[in-house]
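> The listed protein sequences derive, respectively, from chains A and B. Our numbering puts the first sequence at residues 19 to 339. Our numbering puts the second sequence at residues 19 to 339.
Please keep in mind that the hints were generated in silico from the structure rather than gathered at the bench. You may find that some hints are simply not true.
Short derived list, chain A residues pointing at chain B, Cβ under 10 Å [said to hold, decoys possible]: (1) Val152; (2) Leu156; (3) Pro262.
Covered stretches of chain A, as calculated for chain B (at least 3 residues, CB under 8 Å) [as the list claims (entries may be wrong)]: (4) 122-132; (5) 168-174.
Using N, Cα and C, we set each Cβ at its ideal position, and we do this for glycine too.
There are 2 protein chains.
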Amino acid sequence: MVVTEVPKLASAVEYFFKMGVEGKRFRPTVLLLMATALNIQIPQQTSNVIGDATLIELRERQQRVAEIMEMIHVASLLHDDVLDNSETRRGIGSLNIVMGNKLSVLAGDFLLSRACVALASLNNNEVVSIISAVLEHLVTGEIMQLTTTSDQRCSMEYYMEKTYYKTASLISNSCKAIALLAGQSTQVSTLAFEYGKNLGLAFQLIDDVLDFTGTSTSLGKGSLSDIHQGIVTAPILFAIEEFPQLHEIVSRGLENPADIELALEYLGKSRGIQRTIELAKNHAVLASAAIDSFPESSDEDVLRSRRALVDLTHIVITRTK
Amino acid sequence: MVVTEVPKLASAVEYFFKMGVEGKRFRPTVLLLMATALNIQIPQQTSNVIGDATLIELRERQQRVAEIMEMIHVASLLHDDVLDNSETRRGIGSLNIVMGNKLSVLAGDFLLSRACVALASLNNNEVVSIISAVLEHLVTGEIMQLTTTSDQRCSMEYYMEKTYYKTASLISNSCKAIALLAGQSTQVSTLAFEYGKNLGLAFQLIDDVLDFTGTSTSLGKGSLSDIHQGIVTAPILFAIEEFPQLHEIVSRGLENPADIELALEYLGKSRGIQRTIELAKNHAVLASAAIDSFPESSDEDVLRSRRALVDLTHIVITRTK
Numbered sequence: 019m020v021v022t023e024v025p026k027l028a029s030a031v032e033y034f035f036k037m038g039v040e041g042k043r044f045r046p047t048v049l050l051l052m053a054t055a056l057n058i059q060i061p062q063q064t065s066n067v068i069g070d071a072t073l074i075e076l077r078e079r080q081q082r083v084a085e086i087m088e089m090i091h092v093a094s095l096l097h098d099d100v101l102d103n104s105e106t107r108r109g110i111g112s113l114n115i116v117m118g119n120k121l122s123v124l125a126g127d128f129l130l131s132r133a134c135v136a137l138a139s140l141n142n143n144e145v146v147s148i149i150s151a152v153l154e155h156l157v158t159g160e161i162m163q164l165t166t167t168s169d170q171r172c173s174m175e176y177y178m179e180k181t182y183y184k185t186a187s188l189i190s191n192s193c194k195a196i197a198l199l200a201g202q203s204t205q206v207s208t209l210a211f212e213y214g215k216n217l218g219l220a221f222q223l224i225d226d227v228l229d230f231t232g233t234s235t236s237l238g239k240g241s242l243s244d245i246h247q248g249i250v251t252a253p254i255l256f257a258i259e260e261f262p263q264l265h266e267i268v269s270r271g272l273e274n275p276a277d278i279e280l281a282l283e284y285l286g287k288s289r290g291i292q293r294t295i296e297l298a299k300n301h302a303v304l305a306s307a308a309i310d311s312f313p314e315s316s317d318e319d320v321l322r323s324r325r326a327l328v329d330l331t332h333i334v335i336t337r338t339k
Numbered sequence: 019m020v021v022t023e024v025p026k027l028a029s030a031v032e033y034f035f036k037m038g039v040e041g042k043r044f045r046p047t048v049l050l051l052m053a054t055a056l057n058i059q060i061p062q063q064t065s066n067v068i069g070d071a072t073l074i075e076l077r078e079r080q081q082r083v084a085e086i087m088e089m090i091h092v093a094s095l096l097h098d099d100v101l102d103n104s105e106t107r108r109g110i111g112s113l114n115i116v117m118g119n120k121l122s123v124l125a126g127d128f129l130l131s132r133a134c135v136a137l138a139s140l141n142n143n144e145v146v147s148i149i150s151a152v153l154e155h156l157v158t159g160e161i162m163q164l165t166t167t168s169d170q171r172c173s174m175e176y177y178m179e180k181t182y183y184k185t186a187s188l189i190s191n192s193c194k195a196i197a198l199l200a201g202q203s204t205q206v207s208t209l210a211f212e213y214g215k216n217l218g219l220a221f222q223l224i225d226d227v228l229d230f231t232g233t234s235t236s237l238g239k240g241s242l243s244d245i246h247q248g249i250v251t252a253p254i255l256f257a258i259e260e261f262p263q264l265h266e267i268v269s270r271g272l273e274n275p276a277d278i279e280l281a282l283e284y285l286g287k288s289r290g291i292q293r294t295i296e297l298a299k300n301h302a303v304l305a306s307a308a309i310d311s312f313p314e315s316s317d318e319d320v321l322r323s324r325r326a327l328v329d330l331t332h333i334v335i336t337r338t339k
């Protein structure tokens with residue numbers, strides 16, 4: 019879908035997609051498993067629910083949702099790199115440094131426009147609405163991060179809301195779209211949404227931990243990139259609960275290297291990392307529980323996909339990179 | 019629709035909308051006139067065509083198309099300014115200079131996401147498809163401009179295609195969407211599209227002339243901003259037809275000020291300006307003819323709106339700014 023008549027742009031948008039080694043393909047994997055996990059008891063006769071779609075057509079439409087989601091995700095990375103003036107992304111030079119802001123903005127816009135066209139071609143108003151809202155959430159999350167006040171910087175509620183918009187909305191709503199395309203009920207679609215939301219939140223919480231701990235679990239081996247950008251994440255927020263004196267330090271913005279040192283010191287004395295991992299585990303359990311509440315099925319493929327989705331909730335919280 | 023919870027972003031996106039003096043409000047005016055011109059013989063009983071929409075609801079939906087189009091237009095301006103590193107836009111400092119690339123990219127994304135949500139809320143698959151394609155056209159046009167080869171630089175066909183994508187697609191497809199929402203036939207919707215396309219092309223051709231001539235019709239009083247950016251427009255392309263030796267000069271890119279001087283000299287000796295105005299007039303006539311082919315009506319409001327749409331085709335080609 020990203021092939022275009024203009025080779026320069028094609029190479030720009032393929033830049034991220036081609037990084038097979040670094041890219042975990044996490045999101046598309048989740049969605050395609052979700053598709054198999056829910057493509058059951060398709061009411062072939064009651065064509066009002068899924069139109070005249072055969073199972074193969076349905077699968078193609080669900081795959082398109084996965085493609086759309088990945089295009090939106092990569093587009094947001096391209097624009098975020100311009101926003102952050104990032105110099106690296108996934109370990110290699112970010113596109114805005116390599117090819118200029120111009121092409122990053124344009125390639126992002128190109129992917130978004132292709133995503134919109136692909137979305138429209140699904141001819142499903144509810145899915146179009148859901149995925150459009152995701153676009154708005156991504157922007158909202160980015161704005162929340164850019165405009166954080168000192169009070170908001172110390173608020174766990176604000177942090178979780180921002181994390182939902184920036185990270186979990188895309189995967190959760192795509193899971194819901196997959197379920198809706200399969201003709202599933204509102205109840206089952208909500209379970210699919212809950213799986214995606216809780217998996218996404220667990221994923222991000224562990225990301226936040228790894229930014230401090232790196233690949234090992236001992237403090238201080240991470241890249242510390244968040245805190246050096248003044249971005250406060252869950253471990254610090256939990257540490258503030260234990261050491262109220264940290265509140266003052268964090269709320270003044272972490273622009274001073276001495277303040278960062280102090281914050282890391284308090285974090286080391288606190289249970290911040292541990293409590294963040296516990297919170298991630300809670301979300302992983304909720305994600306797993308959503309899958310367990312899916313309608314019964316005896317189909318081997320369906321059951322295997324569901325087990326894989328449950329396995330992913332464990333992988334997400336035990337990963338070290 | 020652009021009001022948001024984040025004051026900083028609201029002010030960014032309102033930045034362009036608030037410039038009532040400079041902004042001509044040309045596009046929304048066309049669309050609202052088109053709505054009145056086509057809201058006839060509404061098949062209230064045959065609800066399959068326009069749903070259960072009453073005339074008031076229909077009008078609201080058409081107004082939403084105008085709002086969506088203007089949001090997409092402003093979003094593209096915001097991103098274009100980042101692309102061009104523009105320092106002014108509509109006579110005032112461009113947002114990327116005033117507030118940074120960051121906010122320009124984000125405000126553009128914000129407007130696009132709001133436009134997508136508003137579009138989805140129309141619940142009309144065909145309209146969603148049409149407007150999504152416009153997003154792709156805008157990007158395609160921008161890419162064509164950024165990646166022009168020396169052969170393409172001298173091609174009238176390439177120029178007209180790029181102009182359609184960058185300028186005329188938005189207005190023509192929005193006109194078509196207005197017609198489709200009114201429950202008009204494919205034939206009438208195509209006429210609405212043809213009106214918008216030809217009006218848009220005429221508008222841009224005159225823009226290209228004014229870039230050379232400024233407010234008067236004598237050569238050399240315009241801002242010459244296109245040619246100084248190496249962007250070749252219709253007047254130069256017509257001049258090449260008269261003076262083939264200009265082809266070599268233009269195809270090497272107009273990066274040399276001496277080449278620009280030479281090109282302007284040939285343009286002055288040629289009928290390039292005149293022929294561009296004639297081409298614009300031809301498109302204005304085609305636009306006008308599309309309106310004349312609309313289904314008959316004796317409604318005063320309908321007829322007045324159609325006359326206004328025809329009047330606009332004259333205004334577009336006789337304007338001096």
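> Provide an ascending list of the numbers of those earlier hints which the structure does not satisfy.
Numbers 3, 5 - these are the hints that the structure violates, sorted from lowest upward.
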